[in-house]
Structures are given as C-alpha cells and as structure tokens.
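Asks: These are the residues of each chain, in order.
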Amino acid sequence: MGEEFKIEIVNPEKSFLSKEDVTEVVVPAFEGEMGILKDHISIISFLKPGVIKIFSKSGEENYYVEDGIVEFKDNNLSVLTSSIFNIKNIDKNKINELLKQAEENSKNSEITDQDKYLIDQKIDVLRTLN
Amino acid sequence: MATLDDLKKRIASVKSTQKITKAMKMVAAAKLRRAQENAEKGRPYSEKMNNIILNLSSGISDKENAPKLLLGTGEEKIHLCIVLTSDRGLCGGFNSNIIKKAKAYFKKISDERKILKIITVGSKGYDQLKRVYKDSIVEKISFKDSKTINYLNAEKVGKMIIENFEKKEFDVCTIFYNKFKNVITQIPQEQQIIPLKTSEVEGNSFDDNYEFEPDEDEILSNLLPKNISTQIFKAMLENSASEQGSRMSAMDSATRNAGEMVDKLTIEYNRSRQAAITKELIEIISGAESL
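From first to last, the protein sequence lines stand for chains P and A. Per my numbering, the very first residue in the first sequence carries number 1; after that it's consecutive. Per my numbering, the very first residue in the second sequence carries number 1; after that it's consecutive.
Lysine to aspartate or glutamate pairs mimicking DMTMM-like chemistry, simulated, CA-CA at most 20 Å apart:
| hint | chain 1 | residue 1 | chain 2 | residue 2 |
| --- | --- | --- | --- | --- |
| 1 | P | K38 | A | E211 |
| 2 | A | K156 | P | D115 |
| 3 | A | K107 | A | E76 |
Sample of chain P residues with no beta-carbon within 10 Å of chain A, all distances over it, derived:
| hint | residue |
| --- | --- |
| 4 | G2 |
| 5 | K19 |
| 6 | G35 |
| 7 | S56 |
| 8 | E61 |
| 9 | N93 |
| 10 | N96 |
| 11 | K100 |
| 12 | I111 |
| 13 | K116 |
| 14 | R127 |
Hints listed in this document are in silico derivations from the structure and should not be mistaken for laboratory results. Glycine residues also receive a C-beta, built at the ideal position from the N, C-alpha and C atoms.
Only chain A is shown next, with the shape it has when bound in the complex (with noise of 0.2 Å):
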C-alpha cells in the first residue's frame, strides 16, 4: 500500500497535468474557431471551382485529346497517394485515423499488385507510415514553419504532383485527409485527384450553353492543375479545423479523466490519513490499559 506522503504527490502530479490538458482545450477552443472560419471562407473557391469544371468537362466535344489529368493515362498501374496528416501530436485519434483510412487503400493496391507510391504532407503521418512503408514513401513535406495555412504552400504540392504526373511516374493519385463534420466527429477521407472523377464532383448546375474564350480544351488544360492545387488546399483547411477539434474533443476527456483521478486518489488518501490516525489511537488506548 502506498504511503501517505506517495499519494499527495501523485495527487498533485495528475493535479498538473489536468492543468495542462486544460490549457491546451482552451488553446484548440480558441484555434478551431479561427480555422472553422478559414475553412468555411475557403469553400466558395473550391465550389466554383468544381462547377466549372463541372460544366466543361460536359462541354467537351473531343474526348479522344481531352486533357490526361480529367481522363488519365489510360493505364492504372501506379498509384500515388498523399496522406495529409498534421505535424503535431495529441489530438486524439485525428492522425490514426487517417492512416487507418490509407493503410486499409494500400493494402488493397498491394493486393491488386500495382506500384505504390506515398507523400507525407505532416510528419505525424512519416512516423506512422515509415515503419511499415519506408520503401513507398517518395517525398515527405511539412509546413511545421508556416503558423497558417496558406494557399502558396497548397501550390507548391500541387505543382509537385503535377510535374510527376507529367513525367508519367504515376497514374493515380489519391488524397487522404480528415473531413471536419463537427467538433467531436471528423471523418476520414479519400479522393481521387487524378484522373478526376466527374461523377464525384459536387454541384448542380448543369448548362451545356456557354462560350469558350479560347476552347474549352485550352481552359481546361489551364484549369486542371489549378483544381489539384484547391483540392489540396481544401484538404489542408479541413484538415486543420479537423485537428484542432479532435484535439480540443480528446484534452476535454483527458481533463476530465484526470479530475476523477484527483477524486479518486483524495478518498484514497484520506481513508489512509484516518486509518493511520485510528491505529496510533488504539496503540495509546491499549497502553493506557496495560498499564
């Protein structure tokens, strides 16, 4: 049985990092708001975006010479997948979750016998693959510098993803990312980028009577590396309010889990406190009556 003097101490250790845990719900409270509304200011883009694309795509008259990045190159052999994770940890199952996702898509590639191939975006997500996928991963990236998300970092990958598709290292691309529903429920994601799926692009305006200034081919050879680059950017901006609430979700318990320790331990310790107390009571009773 631990001593009386072993118990204040771990009261007073579980005590500190509630205090922690505490600090750092306020400080993801506080965080989420702010990238909600990033989040939510970003959305018009990508929509438009996605219609536009949307009514071309439907426009097109030569689907033979349509550009490789809506049809693919017409093979399915290697896949690239970009796993979007965040660069720091505590935050409950956020980053889990999503290699969970991922993992299950390898996995299935593996099966089918095609070439995998893996970027990291967050280094949470490089220490969870390199264990198992060390060979797969081609380029690991993190913006652990940048304290915001911002549109110029979304471009730099897109432009990777574009030059690699350009020299034909790759045939499919995937992006994984947790989607933001609410605070307490995030939902991983996958979506396939290249070629993109038309079917699964969101929007409801549908109208085949637009002019094209120069063609629709040359707008959309313009346009398709301009949507890989949204597309990531929407992925990180969902990925970021996804972090701070799953983080904000997972402190909440923790501080609550730690206030039931402290309550826990203090009933420990007391009844310890009185016991002791009893003995030395009865000790001096029973010498007083010897006597």
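Pulled out of the complex, with its shape left as it was, chain P reads as follows (with noise of 0.2 Å):
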C-alpha cells in the first residue's frame, strides 16, 4: 500500500489520539481548509476553529478544535491543541453553550479584527455542527 501515514494529536493534559493507518487528513488551517496526504512537503501552520476530518482504513473521523498548531514531517503529522472534542460524542449543550460564548464574545467591540475572525468562523462552524 504505502499510502498511509502517521497522525498524533496531543493536547496539555496527555496524548488524545494516535493512529497509523491514516491515509488524508483535512485541516482547518488559518487560510483555509488544507488537505493532507503521505508526503506532503514539510509544513507548520496554526488552525483556525473548525473541523480535523481524518480519514483511516477503519473508517472517517471528525474532530472539533478551536485552535492549535499542526506539523508535518517525514510522514508524521502532530496537532497541538488545547480545546479538542471528538463530534461524535459532543452533546447539542455543549454546543450551544460554546456558541452563546463565542456570540457573546464577538459583541465585544474591543477585540482585534483577528480575534473578531476567528470567532465569526468559531460561529459559523458551531452552527453547521448543530
């Protein structure tokens, strides 16, 4: 085969998830979705919120992040991230309770116009998930 490649996600607290199978991974990175495949060239980027599709012989998988830092190298991807939730198991509350958070926040008139971006996409991809 040859056409997979090695994928970790870690957050603070421990090590999330790792797999090997993995043979794309679609990242939402700060200037838009970026796919990934085996081979990819050498790449550091930092995400924006949205959602981490991996797909694995064993099947596809959807992760919710608010931020972080992604890494490719030598066929091994690493994310960093302090906020993850598999979508599966995320609950309609937390949803909302993270939407109500993100509006409330993009009222503040005093945020940058990066945070106020960042936010509006947080807005946006809660409300597709919901």
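Hey, can you piece these two chains together into the complex? The hints should help.
Replies: So this is what it looks like as structure tokens:
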C-alpha cells in the first residue's frame, strides 16, 4: 500500500489520539482548509476553529478544534491543541454553550480584527454542527 | 524524672502522631502515582511545542522584527519571577528548596540594582516570601480550590504574564519550580521563559526545509504566548509530582522516627516500672527484717 502516514493529536493533559493507518487528513488551517496526504512537504501552520477530518482504513473521524498548531514532517502529522472534541461524542448542550459564549465575545468591540475573524469562524462552524 | 503516668501518655501521643503520618504517607503515595502519570502524559505536548519553536526560530528570516517574546525588549531592567509552590505544608523541604533557589536569584538581581517583581503561585510560597519581599510581590495566585491541575489554570497565569509584558511591566521573566526526578530527589529549577532562550530548548530535530503558512513571524507570534502557558503548565505538573514525592518521603521518615521514639519511651517506661517494683520489694523486705 504505502499510502498511509501517522497522526498524533496531543493536548496539554495527554496524548489525545494516535493513529498509524491514516490516508488523508483535512485540517482547518488559518488560511483555509488544507488536505494532507502522504509525502506532503514539511509544513507548519496554525488552526482556526473548525473540523479536523481524519480518513483512515477504519473509516472517517471528525474532531472539532478551537485552536492549535499542525506540524507535518517525515510523514508524521502532529496536531497540538488545547481544545478538541470528538464530534460523535459532543452533545448539543455543549455546542450551544460554546456558541453562546462565542456570540457574546463577538459583540465585544475591543477585540482585534484577527480575533473577530476567528470568533466568526467559530460561530459558523458551531452553527453547522448544531 | 517523668512519672509512669507521664510516660504512658507520651507513648500514646507519639503513637497517634505516627498513625497520622502513616496515613499521610499512604495518601501521598496514591496521589504521587497519579501526579506522575499526569506529568508524563503532559510531556509530549511541551516537547513538540519546543521542537516547533526551535525550528521556527532558527528559520526566522527577519531577526530585527521578530516577536518581542522571543528576543526580549532589548533591556534587562525589570525582572519578573514566578515562584511556583504548593498550597499545603508537611512536605519536607519541597517549598524551602524552591524559595532558597529563588532567594539566591533575587539577591543577584538586587545586587545588580535591577528592579524585582514577584508573582507567587501557591500560598506556601507567599507565606515564606512575604516577610522579606512584601514590596516586590505584585500578585499572589492560589489554586487551592481546584483539585486537579488543569490547563485552564496555567493559561490564566500565562495570559496574565503576557498582558503584563505587553504593558512593558517587565523585561525578563523567570519561573521557579521543582523538577521531579524521583521520589527522593526533586531538583529546584530556574527557567527563563521571556525572552526565550533557544539554546536551552531541548530538542534534536533540526530542519529548515519547512513551509510556513502564513509566514514564520505570524506563526511565532501566535505560538509564543501559547508556549508560555505550556511552560507554566509543565512546571505545575512537575511541581505536583514533586510535592507528593517529597511529602511521601518526609512522612515516611516521620513515621520511622515516631517508631524509634515509641521504642525508646517504652524501654524507659518498663525500666521505671521495674525500679518502682524493686523499690517496693526492698521496702517490704527491710520492713520485715527490722521486726
């Protein structure tokens, strides 16, 4: 086969997920969604709120992230994030809670343009999940 | 000389102290295992973070305009020290070791006539420092209420540091904590986090063939504040493992000392009991003889 690569998602508390049979990953990079296949060039980027899609032999998995950094090197994809949820397990209340919080934040006029952009993204993503 | 009754009471009191220290040792041992696990689980994140920063900062094109968090303000006038200690006592030399290390650093700062600012995390550190350095302490933080160490707490501290840095409240930031080596050894650490010392960042992978999206500077300025929180979180994890380890060995030796004391007191008690009996016998015999 030879089409597979490794992914590791870590958050500060623990190693969240580690898989070795991944064929494709789509990450919500800061400048747009980015699909990563095997032998991608080494890259570092950071994430905006969105959904990480992981395609592997065992199927497709979706995770909601709020921020983070991705690094791809030598067919190892590392995702560092402080807030990540499996979409399968996330419940509606949690989404609503996050959405409400984000909407409140977006009303705050003191935030910078970049933060505003990130919050708007977050609201969009959460609405689609809802 | 203590009477028999006194000795009896003392033996009882030492024994109940021993029960307490023994229980504390057990609790610390259980907590230690969890804390150690957490510290180990937290390592990949901070290691990866370090690696990425190392790669980024070596590949940075425009050194002049690099983020201030990496290079510093160009001055070294005001030093901010974050002293991380525990909220509870009875853990041997744990807190004193950190304080000792920090005080040596404080002395160096004041000898060089620089301005010192202190933030204490954990109430024990504040208690020990407030006598001498009351005027320098700008903030005291305690996470007494939260049972476990979570990233949000570390993030709070990190954000506060960055806010202060942006307000130009300090030039150099150093954190003090205990690094967990094993149950009996914890090494007090001082680690400079602003400006970041890239030479001290551990890591071996070195590769400048990265593609960056967006550019290095932007990623770095996004990443460095996160790194501050991560470093603090790491320090908090190491600290909690060290605290439990230190408490465990302190309570272990306390239990042992109590045992020794009970033995000594019991011997003394038996001896004086025998002496009293012998004395009584002699009195009876000599009384009978004189008849």
